[in-house]
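Novice: Each chain, written out:
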Amino acid sequence: MRLESIMLKDFRQYRDEIIKFAYSDKKRNLTVIQGSNGAGKTNLLNAITWCLYAQEMHLGDKYKALPLMNTATIADIQSGMVREVLVQICMRDEENKQIIITRTLPFVKSENGRMQKTSDHYANSPDGSVFKIGRQRGKEIKLDPHPEYTLSKIVPATIQEYFFFNGERLDDYFREFSGEKIRKAVFKMSQIDIMKRAIEHLKSLKSHLLKRHNDLNPEVDSIRAETERCAEQSREHEKQLERQRVERQKAAEQKQEFATKLRGSSVPTIMQLDEERDKVRSDLANLREKLGVLDKEKFAYLVGKAPYILGYRAIMVTKKLLESRKEAGDIPPQYRKGFVEKLIRTGICICGTDISEETEHRRKVVRLLKTCDAISDISGELMEDYGRITGILGSLQEFRKTQTDYGKMIKESEVNVAEKSKRLDQITDEIEQVDVEKIRFWEGKRQEYETIEDRLREDIGRMKYIVDQDRQKLDDLNRRLMRELEKEEKYAILRRTLDLCDETIREAEKTRDSIMEDVRTEIEERTKKQFFSLMWKKRTYTDVVIDKEYNISVKDQSGMEAIGTLSAGERQVLALSFMAALNIISGFNSPIVIDTPLARLSKSVKENLADNLSGFFRDKQVCLLVTDEEYSSQVRKKLLSGVGREYKIQFMEGTSGSEARVINYE
Amino acid sequence: MNNTEPLILNIRESDRKHYDRLLQDAPFSGQGNKVVFMTAMIIGFLKGERVKLDKKKDYTRTEYFREEEKLVIKAIAVCESGDLKVLADRKEVYSIAEEFAAGGIGILIEDVCGPQYGTFVKRFESQLVSEFAKMDQTLAE
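Chain order of the listed sequences is W and G.
Per this note's numbering: the first sequence = residues 1 to 666.
Per this note's numbering: the second sequence = residues 1 to 141.
In case anyone wonders, no lab produced these hints; they're calculated from the structure.
Be aware that a few hints might be false.
Straight-line Cα separation of at most 30 Å, DSSO-like style, residue types lysine-lysine; simulated pairs [stated by the list, open to error]: (1) G:Lys-47 - W:Lys-298; (2) W:Lys-548 - W:Lys-206; (3) G:Lys-34 - W:Lys-473; (4) W:Lys-298 - W:Lys-326.
On the chain W side, residues computed to face chain G include the following (Cβ under 10 Å) [said to hold, decoys possible]: (5) Lys-64; (6) Leu-68; (7) Glu-219; (8) Val-220; (9) Lys-296; (10) Lys-305; (11) Asp-330; (12) Gln-334; (13) Tyr-335; (14) Glu-384; (15) Arg-388; (16) Gly-391; (17) Ile-392; (18) Gln-397; (19) Arg-462; (20) Lys-473.
Since the model is a prediction, treat every value here as computed from it, not as a measurement.
Even for Gly, the Cβ is constructed at its ideal location relative to N, Cα and C.
Required output: the full structure, derived from the provided sequences and hints.
Specialist: Structural data, given as structure tokens:
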């Protein structure tokens, strides 16, 4: 990727400039732009970072108070007029195809003479600017539908600081030489970050699988035990039912025996009455059984509806709260709390932006989390519950009718039972009136067994119901047992997946560590080589080491740590060497723009750097923004063979505003 | 927040005998633990009797409950806390249900087995009809 040109319109001190960079000849791909302090070198670097990332990464305090738009332009235009700031970077890819990156931000001049941002329908950046990338397709330039993605392939925002940087500030880089800071830089630049994210993804997958694993954890044993307990209870009830049946049979036989004796007597009326009594008795038993079942059914219905009727107040409170949350737009929620928490936990936004560090992106996501309600995670369930409430209220409409219907059926059965009982009493009375002692005794015994039979008949009715319930429960338990057995199978599969996940994480971590070790060694080698190619105190310092914790150290002749004794310029050399090493291993073949790269360097180091620059950045396209002091005749002479383009910034200060022009050096 | 539905619903250990007794005889015999629990809970809620469980005893499983029955449990928790947020903590939701059931079981056993005039079923039915009439009136308004 090479930088072909940059166009600036009304950006800070640049009213209308096009700067072309040296890019076509690998041996002369260095561009030098020389300017005095305050002429506009750093704002050129800012124009690049603003165009690419909507941020002026190197803005000085002086400019923070000034508008983005050129002050002379502001003075020239009338209030109410709209003007836009534009920065356009033209690049060439490896196939020499053009990539045109443009950012514009429109302003309107207000009555008080200030420029205010005005809304643009196509704005797609946080500062209200419009970001576009055009790519060459054949002979035409076509608008890229995914400009942010394309930019991430050129120089991702997370590593831009290693391509567009201020040389003077490099000194800060190793002022607090923290291993963590260096480790992060290596991670980002060598793209081990991707590996790290893959491992994190695997770990998150593993935790998800573990949760499912825990949810699935089959309860075969406990359900089997419960099934056995229930089956045992059911068998006991069935035995009890059988015993009751046998007893009833015995009672019926005894009753029949006395009835037979009665029929066998010489009293024909008794025989007829006894036969009728048998029939009435049988009808009565059936009616009583039916009544018992109806009573049970009715109670089951009532007790089943009771929670909804008696809990009506609670249901309505919930319904009203749900409706108010729906009206407020909380259900369904814009974002689920759990989802936003996960983004923060994983450190990666849904758009792919790294939010693991304290950045504006992360702060935005944290602010978003604060607006998320706890119920956002269960909004789906709440919607379903709202539907259920409507269903429940609908189903209760039938309550009065069903309850009345049961009442009518029970009443009807009770009337029938009463009629049959009355008739039975009449028959008994009629038989008792026969004045025969023996017959009375037989009738007494017959009645006794009949009472026993009646009682047993009711007991049997109840027991039948209980046995039915036992069977239903057993069926339920068996179904659950089958489900758990299926789970057991899924559990085994899940276990194997988890094992595979573990193994993959182990392998991925091993691979990551091995890559990191390779990268670390290479960076160490390159940093050391670059450092010693620039340093003049070759005897004072003997080694540069980056240890496994990424702590960087410079060793002196006695092998002692000497980084603390480095001067600001020497630290800048070390940082520059480290940056160059990172740049080479990054794999991103993007241009490097350095502001004031030589400012703090001593004369000999400056000249050394000028001598070694092409090897230093290994044929990368470089643009140096230098002061006249940095760009001494000696330095220029040493650089000249690699310089493709050479400019000077001419700064003009007018009454209404200032303007900078970029002109050829000579 | 604990958003996992508990597997088991508990009762007070000291109430176990009441639950067992209710299931032995009419009208609750054959109805199952879930029905007795729900009835005790709804009575506890209606009477405003909420009792902390000192010693817990496993009683029934949440998987036996239909979604509509779970909704009543959730509605009681919402009504009690005055906020839908309680639903994000299922442990708390079911804990409230257990506490109302602990408050209601004493009233229920007294009503079923006590010396009141008339049968429990008739009283229960007439209470439901009366509450339903009130509810019907509210809905009509």
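Novice: Each of the hints needs a verdict: does it hold here or not?
Specialist: Against the structure, the hints:
At roughly 24 Å between alpha-carbon atoms, Lys-47 of chain G and Lys-298 of chain W fall within 30 Å of each other, so this suggested pair holds. Using a Cα cut-off of 30 Å, the hinted pair Lys-548 of chain W and Lys-206 of chain W holds, with the two alpha carbons roughly 28 Å apart. Using a Cα cut-off of 30 Å, the hinted pair Lys-34 of chain G and Lys-473 of chain W holds, with the two alpha carbons roughly 12 Å apart. Restraint check: the Cα-Cα separation between Lys-298 of chain W and Lys-326 of chain W comes to about 38 Å, which exceeds 30 Å; the hinted pair is violated.
Taking 10 Å as the C-beta cut-off, the interface hint given for Lys-64 of chain W is violated, the closest approach to chain G being about 44 Å. The restraint placing Leu-68 of chain W at the interface with chain G is violated, with a minimum CB-CB distance near 45 Å, outside the 10 Å limit. Taking 10 Å as the C-beta contact cut-off toward chain G, the hint placing Glu-219 of chain W at the interface holds, the least distance being around 8 Å. The beta carbon of Val-220 of chain W comes no nearer than 14 Å to any beta carbon in chain G, farther than 10 Å, and the hint placing it at the interface is violated.
Interface hint at Lys-296 of chain W: satisfied, since its Cβ lies 7 Å from the closest Cβ of chain G, which is below the 10 Å cut-off. Interface restraint check: Lys-305 of chain W against chain G, minimum CB-CB distance 7 Å, threshold 10 Å, status holds. The interface hint given for Asp-330 of chain W holds, since its Cβ lies 9 Å from the closest Cβ of chain G, which is under the 10 Å cut-off. Contact between Gln-334 of chain W and chain G, as hinted, is not supported at the beta carbon level, the nearest pair being about 17 Å apart and thus beyond 10 Å.
Of the supplied interface hints, the one on Tyr-335 of chain W is violated, with its beta-carbon coming no nearer than about 15 Å to a beta-carbon of chain G, more than 10 Å. Look at Glu-384 of chain W: its Cβ gets to within about 8 Å of chain G, closer than 10 Å, so that hint holds up. A least Cβ separation of about 5 Å between Arg-388 of chain W and chain G falls short of the 10 Å threshold, and the interface hint therefore holds. A least Cβ separation of about 7 Å between Gly-391 of chain W and chain G falls short of the 10 Å threshold, and the interface hint therefore holds.
For Ile-392 of chain W, the interface hint holds, the least distance from its beta-carbon to any beta-carbon of chain G being 6 Å, beneath 10 Å. Hint status for Gln-397 of chain W: holds, given a least beta-carbon distance of 9 Å to chain G, under 10 Å. Nearest Cβ of chain G to the Cβ of Arg-462 of chain W: about 7 Å, under the 10 Å cut. The hint holds. Satisfaction of the interface hint for Lys-473 of chain W is found here, the shortest Cβ-Cβ separation to chain G being roughly 7 Å, below the 10 Å cut-off.
Consistency with the previously given hints fails for numbers 4, 5, 6, 8, 12, 13, ordered from lowest to highest.
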